[in-house]
Amino acid sequence: MKRIIVFLLCIVLILTGCSGPDEVITDVFSDDEKTTDFVEEEIETFVNEEVTEETTISESDKLLNKQNNSYAMLCYLGLLSEKIISSKDNRLILDEIYSSLINNTNPDKIDERTQAHIDNLTEIIDDYFALSIKRNQLQYMYNQQKADAIKNVLPNPLSILSISSSVDWKRLAGSVMFSVFDAFNNYKSSVDNAENEFLINGWELDAQEREIIQRNRKKTFNYMIDIVQEYELDGKLTLNEDAIKKFVEIVSNDNLDWKIQRLTAEKETYEVFSSYWLELASCYFEKGEYKNCLLCVDKYKELDAGIFRKDYDYAKLLPNIIIAIQNVYSGNEYINVVCGFVEDIEKNTDMNDWDVRYFAAQVCIDLYVKTNNAMYLNKAYELILNNVTELVIEQKKLNNTYLEDIKEATINEPDLRFLSEDEQKLAKKEYKEEKKRIEIYNKQLKENRKTELSPVYEPLILNCDLLFALAEKLNIPETEKSRIEGILETDKNGVFLSDVINERYCFSEQSDSIAIEFNKNEIVIPANLLSQQSSISVYVVVGDDEICYDDWIVTKVDRNKSNDIENFKAVFSSKNIKNQDWLNVSEIVVLVCNGDSEMYESLVFKFKISEYKENFIISDKVVFEAV
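First residue of the sequence shown? That's 0 in numbering that gives the first Met the number 0, and the numbers climb one at a time after it.
None of these hints come from the bench; they were simulated from the model.
For each residue, glycine too, the CB sits at the ideal point set by N, CA and C.
Do not take every clue at face value.
Cross-link-like lysine-lysine pairs, in silico, DSSO-like; alpha carbons within 30 Å at most [to be verified]:
{"hint": "1", "residue 1": "K568", "residue 2": "K491"}
{"hint": "2", "residue 1": "K519", "residue 2": "K605"}
{"hint": "3", "residue 1": "K424", "residue 2": "K396"}
{"hint": "4", "residue 1": "K480", "residue 2": "K396"}
{"hint": "5", "residue 1": "K258", "residue 2": "K300"}
{"hint": "6", "residue 1": "K555", "residue 2": "K396"}
{"hint": "7", "residue 1": "K286", "residue 2": "K395"}
{"hint": "8", "residue 1": "K406", "residue 2": "K396"}
{"hint": "9", "residue 1": "K244", "residue 2": "K286"}
{"hint": "10", "residue 1": "K442", "residue 2": "K406"}
{"hint": "11", "residue 1": "K395", "residue 2": "K480"}
{"hint": "12", "residue 1": "K244", "residue 2": "K266"}
{"hint": "13", "residue 1": "K480", "residue 2": "K150"}
{"hint": "14", "residue 1": "K472", "residue 2": "K449"}
{"hint": "15", "residue 1": "K286", "residue 2": "K346"}
{"hint": "16", "residue 1": "K424", "residue 2": "K435"}
{"hint": "17", "residue 1": "K491", "residue 2": "K555"}
{"hint": "18", "residue 1": "K396", "residue 2": "K244"}
{"hint": "19", "residue 1": "K577", "residue 2": "K612"}
{"hint": "20", "residue 1": "K434", "residue 2": "K555"}
{"hint": "21", "residue 1": "K555", "residue 2": "K395"}
{"hint": "22", "residue 1": "K266", "residue 2": "K300"}
{"hint": "23", "residue 1": "K435", "residue 2": "K396"}
{"hint": "24", "residue 1": "K406", "residue 2": "K491"}
{"hint": "25", "residue 1": "K577", "residue 2": "K620"}
{"hint": "26", "residue 1": "K472", "residue 2": "K369"}
{"hint": "27", "residue 1": "K395", "residue 2": "K346"}
{"hint": "28", "residue 1": "K605", "residue 2": "K577"}
Beta-carbon label-pair distances, calculated as ranges [what the hints assert, rightly or not]:
{"hint": "29", "residue 1": "S329", "residue 2": "T400", "range": "48 to 58 Å"}
{"hint": "30", "residue 1": "K369", "residue 2": "L582", "range": "51 to 61 Å"}
{"hint": "31", "residue 1": "E420", "residue 2": "K266", "range": "47 to 57 Å"}
{"hint": "32", "residue 1": "T370", "residue 2": "C547", "range": "44 to 54 Å"}
{"hint": "33", "residue 1": "K369", "residue 2": "E267", "range": "36 to 46 Å"}
{"hint": "34", "residue 1": "A514", "residue 2": "N575", "range": "19 to 29 Å"}
{"hint": "35", "residue 1": "R416", "residue 2": "E345", "range": "47 to 57 Å"}
{"hint": "36", "residue 1": "Y599", "residue 2": "N351", "range": "18 to 28 Å"}
{"hint": "37", "residue 1": "E565", "residue 2": "K449", "range": "41 to 51 Å"}
Given the sequences, and given the hints that come with them, work out the whole structure.
Take a look at the structure:
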């Protein structure tokens with residue numbers, strides 16, 4: 000009887016004094032096509048004066064969490080270990096791996112054994128190479144090429160707010176995902192010059208490579224054994240060296256159909272390996288199988304063990320994921336789903352990931368066009384303003400390099416004390432070859448300096464164009480305009496060395512009286528009106544006839560023994576104009592364009608012939624006067 004009474008009292012307590020979690024789940028796919036779940040949980044805890052209920056995690060749950068973390072960490076470090084081996088001749092990739100290990104591994108997820116193994120991996124990378132100025136040179140070139148690729152895809156940023164639907168989103172995503180490896184390969188196949196030779200050569204490893212690889216393999220295996228035993232993992236779910244090596248081989252194949260077939264066939268082997276699902280998602284995207292792509296993304300997110308501070312691999316794929324969402328959803332459903340992935344871009348990228356954040360801003364602009372909700376436009380503005388703030392730093396570095404005396408590359412002589420005779424011969428040979436390349440490179444630097452115009456960091460230009468378009472559309476207040484001009488140092492003549500470009504990115508008119516010199520053989524222009532983007536066109540007009548000369552090249556930049564660009568003069572010449580027959584009625588129009596002539600207004604200078612005298616023995620006397 001007592002048991003029955005207790006039972007009934009329990010029922011009454013449950014019905015009257017407890018409330019369970021309300022769980023709302025929205026399915027955006029059917030069961031077989033489910034791509035994203037939005038789950039909201041509200042949990043209310045009732046505490047009276049006499050009884051306090053505490054929610055505790057069971058020991059078995061704690062162990063399960065540790066096991067999930069261990070699987071993720073094992074797979075991640077195992078893949079990195081194999082990448083180190085397979086990328087041994089590419090210092091850029093090795094540097095990215097090194098940075099990821101040091102800066103992006105979540106310390107909460109690292110035990111002593113894992114820390115020791117990470118130390119081992121970084122030591123191995125240190126043994127492989129010593130990075131020099133080549134790294135910075137290639138990174139700069141990579142960002143310039145990426146900005147150019149994005150410019151080729153997008154319409155004029157000044158009009159994008161009204162024609163967002165015309166954006167080729169897939170091409171834009173491809174431009175954003177233009178990798179550092181693509182840039183290196185492009186550079187490698189470019190014109191053969193001394194700078195190219197210096198950057199590319201000497202990337203192979205020394206004779207100790209085999210020993211380092213074997214040490215890497217042995218320590219990776221020992222780490223796997225220790226972790227499996229410590230956390231009672233299912234050894235069958237862990238990836239051995241052969242499985243990881245096979246995965247790397249599969250993903251390096253260019254045949255998409257073959258790759259998809261192999262990956263799906265190996266699902267049982269790699270199902271707890273998060274990188275497997277990202278790779279498969281990428282393959283499905285490339286094949287246009289967007290629903291399958293999103294299903295794989297769901298699987299990837301389910302396996303998230305939080306081992307990264309920021310998930311860079313996921314962030315790199317997010318532009319493609321968003322394109323897949325655009326192809327699967329429409330209307331309000333698309334808007335609801337895509338917003339979360341735009342947030343993921345911001346959460347999983349750093350400030351220097353300007354390209355992916357630029358893509359996110361474009362998506363926000365698209366959402367504004369679809370909804371007319373200014374919230375999205377403000378988000379795009381925030382993303383681009385942060386991009387500009389970050390990219391200004393690189394522009395200033397370029398300015399300093401341009402204005403300062405040339406800093407020649409150097410190389411230290413090898414330490415031969417502990418090397419065998421054969422190793423000494425090899426070290427001396429490598430040193431001699433690298434020294435020769437550096438000498439040629441330094442000579443090329445000096446040669447370039449003679450005709451070098453001020454540098455322009457293309458990613459900054461790209462983002463400034465969009466920032467000012469957004470500022471105009473949002474009609475930002477004067478205080479915000481002042482903040483932007485402060486970032487771009489408008490009151491200090493601007494962050495660019497070209498006054499023309501600085502005036503493009505300010506909110507007030509700053510026109511000064513400017514002049515150039517023109518004669519029949521050359522044009523002399525103040526260097527602060529020019530940049531690496533500059534092009535010159537000269538039109539000679541006689542009545543209704545017009546001839547255009549656009550083959551002008553820089554033949555000299557005279558610095559006048561100064562480090563102030565205000566004192567620099569650039570001299571241009573044209574082969575074709577030398578054949579021009581001048582008449583005293585000729586009119587001359589000189590156009591100086593800094594960048595795309597369709598987007599940016601050109602400087603216009605007009606001249607007339609003030610003195611003309613024919614001479615049959617020597618060349619005619621022609622004197623030009625500015626109009």
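Hint check:
no., hint, result
1, K568 with K491, "holds, 21 Å"
2, K519 with K605, "holds, 14 Å"
3, K424 with K396, "violated, 39 Å"
4, K480 with K396, "holds, 24 Å"
5, K258 with K300, "holds, 22 Å"
6, K555 with K396, "holds, 23 Å"
7, K286 with K395, "violated, 42 Å"
8, K406 with K396, "holds, 13 Å"
9, K244 with K286, "holds, 25 Å"
10, K442 with K406, "holds, 11 Å"
11, K395 with K480, "holds, 21 Å"
12, K244 with K266, "holds, 15 Å"
13, K480 with K150, "holds, 25 Å"
14, K472 with K449, "violated, 43 Å"
15, K286 with K346, "holds, 28 Å"
16, K424 with K435, "holds, 17 Å"
17, K491 with K555, "holds, 27 Å"
18, K396 with K244, "violated, 41 Å"
19, K577 with K612, "holds, 17 Å"
20, K434 with K555, "holds, 29 Å"
21, K555 with K395, "holds, 24 Å"
22, K266 with K300, "holds, 16 Å"
23, K435 with K396, "holds, 28 Å"
24, K406 with K491, "holds, 26 Å"
25, K577 with K620, "holds, 13 Å"
26, K472 with K369, "holds, 16 Å"
27, K395 with K346, "holds, 27 Å"
28, K605 with K577, "holds, 19 Å"
29, S329 with T400: 48 to 58 Å, "holds, 49 Å"
30, K369 with L582: 51 to 61 Å, "holds, 59 Å"
31, E420 with K266: 47 to 57 Å, "holds, 54 Å"
32, T370 with C547: 44 to 54 Å, "holds, 46 Å"
33, K369 with E267: 36 to 46 Å, "holds, 42 Å"
34, A514 with N575: 19 to 29 Å, "holds, 24 Å"
35, R416 with E345: 47 to 57 Å, "holds, 52 Å"
36, Y599 with N351: 18 to 28 Å, "holds, 26 Å"
37, E565 with K449: 41 to 51 Å, "violated, 19 Å"
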